[in-house]
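A.B. asks: Protein sequence lines, in the order shown, are assigned to chains A and B. Using numbering that gives the first Met the number 0, read the first sequence as starting at 0 and increasing by one per residue. Using numbering that gives the first Met the number 0, read the second sequence as starting at 0 and increasing by one per residue.
These are calculated hints, taken from the structure and not from any lab test. It cannot be assumed that every hint is accurate.
Below 30 Å or equal to it, Euclidean Cα-Cα: the simulated DSS-like pairs (lysine-lysine) are [stated by the list, open to error]:
#: 1; chain 1: A; residue 1: 157; chain 2: B; residue 2: 76
#: 2; chain 1: B; residue 1: 148; chain 2: B; residue 2: 76
#: 3; chain 1: B; residue 1: 76; chain 2: B; residue 2: 65
#: 4; chain 1: B; residue 1: 340; chain 2: A; residue 2: 157
#: 5; chain 1: B; residue 1: 69; chain 2: B; residue 2: 10
#: 6; chain 1: B; residue 1: 148; chain 2: B; residue 2: 69
Derived CB-CB ranges, DEER-like [unchecked claim]:
#: 7; chain 1: A; residue 1: 21; chain 2: B; residue 2: 118; range: 44 to 54 Å
#: 8; chain 1: A; residue 1: 141; chain 2: B; residue 2: 352; range: 45 to 55 Å
#: 9; chain 1: A; residue 1: 104; chain 2: B; residue 2: 106; range: 42 to 52 Å
Among the chain A residues that face chain B by a calculated CB cut under 7 Å, a handful are [to be verified]:
#: 10; residue: 44
#: 11; residue: 47
#: 12; residue: 49
#: 13; residue: 51
#: 14; residue: 55
#: 15; residue: 59
#: 16; residue: 63
#: 17; residue: 66
#: 18; residue: 67
#: 19; residue: 68
#: 20; residue: 122
#: 21; residue: 123
Where a beta carbon is used, it is the ideal one built from N, C-alpha and C, also for glycine.
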Amino acid sequence: MILFLILAGLSIVFSLLVVFQRNVIYSAMALVATLFLIAVLFLTLEAAMVGILQILVYAGAIMVLFLFVIMLLNPGLLEGRSIAWWIFGSLAAVLLLFVLVPFLSDSGRLLPGQAPAGGSFGSPESLAQSLFTDFVLPFEIASVLLLVAIIGAVVLAKREV
Amino acid sequence: MIVDIGIIAAKALMVLSMVLNLAGVLGWIERKASALIQNRIGANRASIFGFAGLGLVNTLIADPIKFLTKEDFIPPKGDRLLHTLAPCLALFPALVAFAVIPFGDILVVADRTINLQVANLNVGILYIFSMASLSVYGIVIGAWASNNKFSLLGGVRGSAQMISYEIAMGLSVMGILMIYGTLELQEIARAQGNLLWGWLPAWGIFLQPVAFLLFFTAAVAETKRIPFDLPEAESEIVAGYHVEYSGGKFLMFFAGEFAEIVTAAGLITTLFFGGWQVPFLMRDGFHFPWVGTLFLPQLVVALLQVGTFTLKVLFFCWLQILLRWSLPRFRYDQVMRLGWKMLLPLALLNVMVTAVLIVAWQSAPLKP
Chain A
0 MILFLILAGL
10 SIVFSLLVVF
20 QRNVIYSAMA
30 LVATLFLIAV
40 LFLTLEAAMV
50 GILQILVYAG
60 AIMVLFLFVI
70 MLLNPGLLEG
80 RSIAWWIFGS
90 LAAVLLLFVL
100 VPFLSDSGRL
110 LPGQAPAGGS
120 FGSPESLAQS
130 LFTDFVLPFE
140 IASVLLLVAI
150 IGAVVLAKRE
160 V
Chain B
0 MIVDIGIIAA
10 KALMVLSMVL
20 NLAGVLGWIE
30 RKASALIQNR
40 IGANRASIFG
50 FAGLGLVNTL
60 IADPIKFLTK
70 EDFIPPKGDR
80 LLHTLAPCLA
90 LFPALVAFAV
100 IPFGDILVVA
110 DRTINLQVAN
120 LNVGILYIFS
130 MASLSVYGIV
140 IGAWASNNKF
150 SLLGGVRGSA
160 QMISYEIAMG
170 LSVMGILMIY
180 GTLELQEIAR
190 AQGNLLWGWL
200 PAWGIFLQPV
210 AFLLFFTAAV
220 AETKRIPFDL
230 PEAESEIVAG
240 YHVEYSGGKF
250 LMFFAGEFAE
260 IVTAAGLITT
270 LFFGGWQVPF
280 LMRDGFHFPW
290 VGTLFLPQLV
300 VALLQVGTFT
310 LKVLFFCWLQ
320 ILLRWSLPRF
330 RYDQVMRLGW
340 KMLLPLALLN
350 VMVTAVLIVA
360 WQSAPLKP
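Next up, chain B with everything else stripped away, as it sits in the complex (with noise of 0.2 Å):
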């Protein structure tokens, strides 16, 4: 029972401080990265000997260190309390959903049997949905307590953009879920380990292309971040929702943006990348098709399972920040024309066309 709780707990510490450590991470690697695409050198204060690499280290100590001894302002007429309570509800959020993402199989250890992933619930996709939904508030409530029309601005864009997404986001993955037949993600990472026609992994990516653009698209527009950063917009609207953030509480927004990041990582990586999957890796070992098996002991297969996640995740954090770093903002109208008239009726059309091939495929007399 003890170590139940004791298992449960580690795990639920691990995710955390790993979101938390990357979030912190990526803040380091957004401005290293802008400076290298803009042939800048960047952050050059923070090294160690010289060597920028380091100065990772010192940039983690550093930035939170600065962010809260400043001084935190509180506009006079704004609302002290739900200026307070914006920043836990725009992170809070961000931080739990990464909960129900699988980070790797199920581990046996002395007769005991370790599900690599924090919480199994029968929803769970729809868990995420749900805390991306409560995501809102931060910004909302941030921008109204503020008593900034500039804030006010972001707030309205930021939470009429983010309501927009979250239809098309829902409505992309739905063809993912009627492939897999289930909403538990460790069911659907299990899944993608499957092998079609002997030889291709059964990769969300291979089975719903279309799916995977719509819902990278959607989940760049849910973090808010260049081409969707509207509700900041620092050229039209100074820095929108957290323009009168300052010190400890702009430090969590700032944070939950990246945790955010983080977490739409790990969902693309489970949903479209086979989560936790190498190819052809099996519990055994690898199974290479025409070649041969290779087997491995359990603990080294865990290991490059939780090792192969890890890395798609950074993967695909890292193509994040090179898309904001590589594209211009949209305007306000295009952002609300492609979502309303794009990206909705094109997940509409790719729930269709799959219900379609599914019942074909069904139906086939020769199944691969």
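In isolation and in its complexed conformation, chain A is listed as follows (with noise of 0.2 Å):
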């Protein structure tokens, strides 16, 4: 209970650093280190699989080339944003709201007190086994998916040659 606090705690303060943050670069390793402290939250859960997951995919690959951008682009600081931009965001912000309240209040068994679930839950090999059974329709779709923006990506790239 104590280390669950002191992680939320902790990515609460780093995913508001990635908001308030004016340097880009700062603002890239707050959100790796919320990632990581997400998965290591996950961790605790003994959800092993899917927070080394968290950290392989999205902490270790997806936020480095995040970085790899912001390091060739170099935007420097971030500017002041204008008014219409801020009632825009607080508008987006509020959506955002509605959409979670429900969500959230819905998963109340899914307390941090709460025994975890025992067995081989979470197991790489039941992840696989569910996998490739009862989601075998949805992961086909998504490679798929990823299949076309990998294409995508490709014919982008190519027409600038």
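Got two chains here, each in a separate frame; can you build the complex from them with the hints?
C.D. replies: So, in structure tokens, the structure goes:
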């Protein structure tokens, strides 16, 4: 419980830093820290597979590409935004809140004090089992989607040559 | 309870100190080995009574003192916080990645089973890959925070190179995982104690020779050493991402690189060369085919296993140092072409061929 509070508090602090930092590199690094802390949260919930994949995919690959692009463009400090931008941002945040609140109040049974799901839950074997039996169609659709994205990226890159 | 915690702490401390010390020793070996290869004496000030071999003791103490007493320079227009954070980010993943590599079989002492492995995760090898993927940050952040064009070039090169080779590295291991059917490194090491046709140890190198070559190449590229040291490339971009680093922070980058070498050697040993397995050594002693058995007490077996593991790791550390001083550096486009057009398709092909062979093997009427 104490561990959860520390991890949750830290991840909230870092996610606030993502938003409020003026320096883009600092924002990106704070996002990496947030993702890492959430991965540790998964580890404390006995979901080692999900936690490790979170680090491997998000913190280790996607964020590295973000940083790569940021370093290539080197935008420096962000300028202050205009009033219209602030209004638009607030509206979007309120709309997101309306989506999130019902969802979060629904998930009361996932309280942190509860005993973690035991057995082989979250193990690579059970994950693969459900991916390739019950959820094989969504899984394949997702991979086709990724394939389309890859082909699209290649086509876009080729056009400039 | 307290004994259990003590055992875990002792194992963690032992592995950590082994990796760190080996990193220091490798720093000395690298200088001496390069001298040996280039027909020089090398590092000749650090010897005791004229024995260069004893200079190792000297160097291990002298090196850190020298590094730590030097000025810690931070570029005035650089970023203080990130410049300090980067070496920690470079060293941390390299040190913790070794935790899941087993260095011996399960030891039973006074009704207590000790798994000779710091952390037994059911995702084992994925944990190492995730830590390897985090090690990019040390380079990228260090390069950016230095506010130096050469550093930035090194950082950009490093991040592109490491992302490219991570994919090939992950795919090359897939064949091994399919054959042994687990992600746990302890299980993989144990499965390699089986014998094929009654005499050949079922080591990864015999079952997956192509995967070994691919993995070894990708691992060298991940440790950013010649022929893949484009992020440093002294003759092109001075020292790349750590050009603005001095003193203790440079030592951390330096130690991180050698810790990565040790981890890579440990992983290669575990996946392809039987880990802690000694050929024909079972839990109760040697079982030689055609010759006979030689029974040994459990402690001797454990010592033999840990000793063998250490020797294998040392051999692969030495091989990586030998590579560095024997090969020229690739050009950048060659590195990218090798990674994406050679290693990646070969790794995919290896996965497919392995899958076909496994299915054929399982449906074959006669199994050895």
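A.B. asks: Run the structure past the numbered hints and jot down the numbers of the failing ones, going up.
C.D. replies: 1, 5, 7, 8, 10, 12 and 19
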